[in-house]
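Peer 1: The chain contents come next:
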Amino acid sequence: MRRRLLAFAVLVACSVFTLAIARSSFSDPTPQRVGSAACKECHDKQYQQFAGSAHGRAEQDAGRVAGDPGCESCHGPGSLHVQADGDENSPGFKTIKRYAKLSAQEANATCTGCHKAGDQFYWQHSAHARKNVSCVSCHNIHDSKDPGHAKLLSQPTTTAVCITCHKANHFALGKTAHMPVAEGEMTCADCHSPHGSAGPKQIRALTVNELCLTCHADKRGPFLWEHAPVRENCLNCHEAHGSNNDRALAAKRPYLCQRCHVATRHPSTMYDLPDLANSSSNRSLNRSCTNCHPQLHGSNHPSGKYFTR
Amino acid sequence: MRARMISLMVLAASLLVASQSVAQPTGNVTFGSQWWNQSVDEAKLQEFRVFPKGGFLESYYLTQSKGNLSAAMWGNNALEDDQRHNLALSQGLKWRLDAEVSGTPHLFSSIARTPFYQTSPGVFVLPDSIQRLMQQYAGSAGTTNNYTATLRDLLNGAFGTPLGIQTNTQKLRLRARQGKEWQFDVSAVRRDRQGTLAFGVPFGIGSATMTEVAAPIDQRMVDADATGVYVHGKHRLMFSAGMSTFENDVNALRVDNSRRLTDSATSGTAVAQVDLWPDNRVLRGRVAYSAQLPKMSTLTATVGMSKAKQDDKFLPFTSNTALAYSNIDSLPEKKVEAEVTTIVTDVRLTGRPANKLFGTLRYHSEDNQNDTPTVDFKGFSPYDQSFSVGAIENHQFAASSTNLGLDLDYELADWADLSLLAEHRTRKHEHREVEEDAENVFGAGLRLRPLDAVDVSVNWRMGQRRLDAFIEEDYLNAAGLQFEPIGLQRYDVGDRDQNLVYGSLDWTVNPKLDVSVSSSWSKDDYVDAKYGLQNADNILVFAEGTLHATKTFDVSGGYGFGQVKTTMASSELSATSRPDTASTMDWWLDEQDRNIYVFTNAEWQVKPKLVVKADYTFSRSLNEYDFSNVTTVRNGSRRAPAEDVPNTFYRSHDVTLEARWKWTASMDLAVQGQYLQFDVVDFAVENVPLLGGSLSGSTFTPNAIYLGDSYRDYTARRVAVLATRRF
Chain A
1 MRRRLLAFAV LVACSVFTLA IARSSFSDPT PQRVGSAACK ECHDKQYQQF AGSAHGRAEQ
61 DAGRVAGDPG CESCHGPGSL HVQADGDENS PGFKTIKRYA KLSAQEANAT CTGCHKAGDQ
121 FYWQHSAHAR KNVSCVSCHN IHDSKDPGHA KLLSQPTTTA VCITCHKANH FALGKTAHMP
181 VAEGEMTCAD CHSPHGSAGP KQIRALTVNE LCLTCHADKR GPFLWEHAPV RENCLNCHEA
241 HGSNNDRALA AKRPYLCQRC HVATRHPSTM YDLPDLANSS SNRSLNRSCT NCHPQLHGSN
301 HPSGKYFTR
Chain B
1001 MRARMISLMV LAASLLVASQ SVAQPTGNVT FGSQWWNQSV DEAKLQEFRV FPKGGFLESY
1061 YLTQSKGNLS AAMWGNNALE DDQRHNLALS QGLKWRLDAE VSGTPHLFSS IARTPFYQTS
1121 PGVFVLPDSI QRLMQQYAGS AGTTNNYTAT LRDLLNGAFG TPLGIQTNTQ KLRLRARQGK
1181 EWQFDVSAVR RDRQGTLAFG VPFGIGSATM TEVAAPIDQR MVDADATGVY VHGKHRLMFS
1241 AGMSTFENDV NALRVDNSRR LTDSATSGTA VAQVDLWPDN RVLRGRVAYS AQLPKMSTLT
1301 ATVGMSKAKQ DDKFLPFTSN TALAYSNIDS LPEKKVEAEV TTIVTDVRLT GRPANKLFGT
1361 LRYHSEDNQN DTPTVDFKGF SPYDQSFSVG AIENHQFAAS STNLGLDLDY ELADWADLSL
1421 LAEHRTRKHE HREVEEDAEN VFGAGLRLRP LDAVDVSVNW RMGQRRLDAF IEEDYLNAAG
1481 LQFEPIGLQR YDVGDRDQNL VYGSLDWTVN PKLDVSVSSS WSKDDYVDAK YGLQNADNIL
1541 VFAEGTLHAT KTFDVSGGYG FGQVKTTMAS SELSATSRPD TASTMDWWLD EQDRNIYVFT
1601 NAEWQVKPKL VVKADYTFSR SLNEYDFSNV TTVRNGSRRA PAEDVPNTFY RSHDVTLEAR
1661 WKWTASMDLA VQGQYLQFDV VDFAVENVPL LGGSLSGSTF TPNAIYLGDS YRDYTARRVA
1721 VLATRRF
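Those sequence lines, one after another, are chains A and B.
Our numbering numbers the first residue of the first sequence as 1 and each following residue consecutively.
Our numbering numbers the first residue of the second sequence as 1001 and each following residue consecutively.
Source of the hints: derived by calculation from the structure; they are not laboratory data.
A quick note: this is a predicted structure, and the numbers were derived from the prediction, not measured.
Heads up, a few of these hints could be off.
[Claimed, not checked] Calculated lysine-lysine pairs in the DSBU-like style (CA-CA distance at most 30 Å, straight line):
hint	chain 1	residue 1	chain 2	residue 2
1	A	145	B	1171
2	B	1066	A	40
3	B	1378	A	219
4	B	1234	B	1295
5	A	94	A	45
Please take these sequences and the hints and turn them into a complete structure.
Peer 2: Here's what the structure looks like:
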């Protein structure tokens, strides 16, 4: 009996001692930095991908242009996670930041801690921030898919990322007249800044016309004879995301022009079937009104008041 | 030759890579050879892309790093018109240099024809003998048919002239992060655009023709910007300066008149002259300040200014030497110092005034000041056929706008968010029939996540735009005659009621199946417009899904339907009065534009080393034009009532199949097959004749020389073999 009591006492003592040790190891809940080498032990693939990326090279500039470098700069101090030794049930396992589990606000706070300049200057005011879009919704830090890995995208192209949510614009890619986005010659991000901007619709310019005229500078003028709706907004006549009309116009010519010009000489003539049947009229065929008014974006000719010269 | 060059280049690159010992090997190159054909030579297939025949280098990625130095180079479609090459060099986070060289083709037609010879850029001529003969026919009564016959002969012998432009772009960007507080960004972009563009040159209405030529395009655009950002604690300051220039090497078109060899004061010009786009330049700058405030708030203010200028020399009023004022010295000015200044102000305050409330108060203004001087002209000659004497002057069209808005998002519960929107917009338009308008916009949205796998949102927005005053005098010409009916309210400035409803559903049905549906409906009513655009009704439904059917088979697809219905009203031309606003002269056009877009992708891992993929894309658009009026009046005489024009129709199929075999750990081999089909029915751009005109009885009167750059149905097939080498 005494031996049994002694054995029980030893067992209780050992249990208490073990528990005490266990408690002491969690008595300090503040995890400490352990360095990226410790992470590499289990996450070698992610480490290699990270090391070859711009983020990984931050290690070289530690303390000078970046904050604390390495895995823990984004995932937080990893000592308790390391101590958990892969045991997902261990309380320490979840002490690092796992971005799939974080709210957009929490995840984005990490990224914007460094990315404050460039496009991200306006991030806080962007529609994406407002709608709780997380940086990691579009970017894949460890396994990016874009060629060159310059943008660390989660999809092979910027456009593929955007149409994941902007489905109406995916639809527009199939229209007959479109920007060369579907062909890969342009991306959504050529015109829009997903990180925010001071312009409308997060465009990469302060005004719509300034953006369009970046590539279409021939239409910039300023002209001697201006066409008022052109000067005000290119989108008065063009559908930037595509349409089924030549030159991505909002409607077919001459009917687009006739929306504004009723009786200015010939436009009031109804260009309907008899007009087509009796003539291959230069007012209906081909480029219609712009056959004779080719300079409708503006003319610098002294006789160009009606954009014919 | 090109194919050999590419093949040799690929081979050399592969050998180089294979023999190179790199510290951190990573990279790939995909190359192959391709065969394709097309049923007819229709430019649409290669509108923005190149289908190479023979060898090609599809893509490559090379990278090397040592210490904090890194270099990466990637690109695609090497040596093709749509090639793209990127280079990125970086030193840690301190320096990063990006360079890009790319080409973008835009092919319009490969079947266009013209009888004109271009003797120098922009100068299009016909043989004098032809012009002399035509002048005799055109000037003599009863010889119209001779003129037509001669012109037809001329056009039948027309030679091909491709229509298309090529834009080559070079970009350079240097980013520097010097210390924790400073960042600099310097970039330069140069775009060279060359090619030909169909351009109409009118010789006058009535006796003369419109002649289309393949106008030469030779333009350069250069943009350069420098930006600096200073970050200190909770404050950020950004400042940038930049410039943009546009140079056009073809400043004018000179085109021979097919009807005349000599100038005439009554019958038109021998040569028409059109001014092309003037050189211009822009200087711009921007300053922005941002501060982090309490309650997780951020205030950002931006002021930007740009100044665009142009001072190209004028051409004379007319190239017709038989008309008065054809001499350059008859112009009051030899050029105009055109100048537009744009000032943009943007202020935003975003924050969380309460625990579950997130909001943005924003103000955005654009002020477009047109400082182009007024030039008083003695008249003008719009078609070089006659000179209309009378004082005319240019108008400095300009506009400004403000937008004051408030966005609020409130978290009703963990699974529900409410968003509200209010905006007040004002605009000013100089020299327009409406000088000021204002619009109030309100909106609300609800986003629900009743289950982890379900996300639903519904949004509504309405706006009411009202003009301040309609200036009837703006519809009077210099002689005081009305040239537009007062009932015309143009859609860009007229009164408008706008409603928009849109929503979406995203549902992860189970771990294997995701579906989403999004839809929108909008309606614009131009409530006080008797003429012009009356309303626009827009519907869009888009559904897509992804099925991970098995561990080795995924399929995804989507279906979209869009419809735009518009109604516009106009008034028939009356021979006796202009404009005629009697209701009996009115006509309407109901236009309906319906689109369908379908896509599917399937991927099947047949064997561990064999993957088969299939992609299919279909798009179709159908436009219907429904005309109506209440009378039978047309051009002042009794004729048939308004009749609908034929529907227009565009349809395309694109099917691609690919089998990819992982030959070794570093090498994939693939075979691709593609079938494309394009169908078009469009009265305006299909079967465009080389000679246009009007038919009265058996007499055809020419009035247009076209390039005949029609859209055509085609089918195309492509087979390619590719190899991907990883290293």
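Peer 1: Which numbered hints does this structure break?
Peer 2: none
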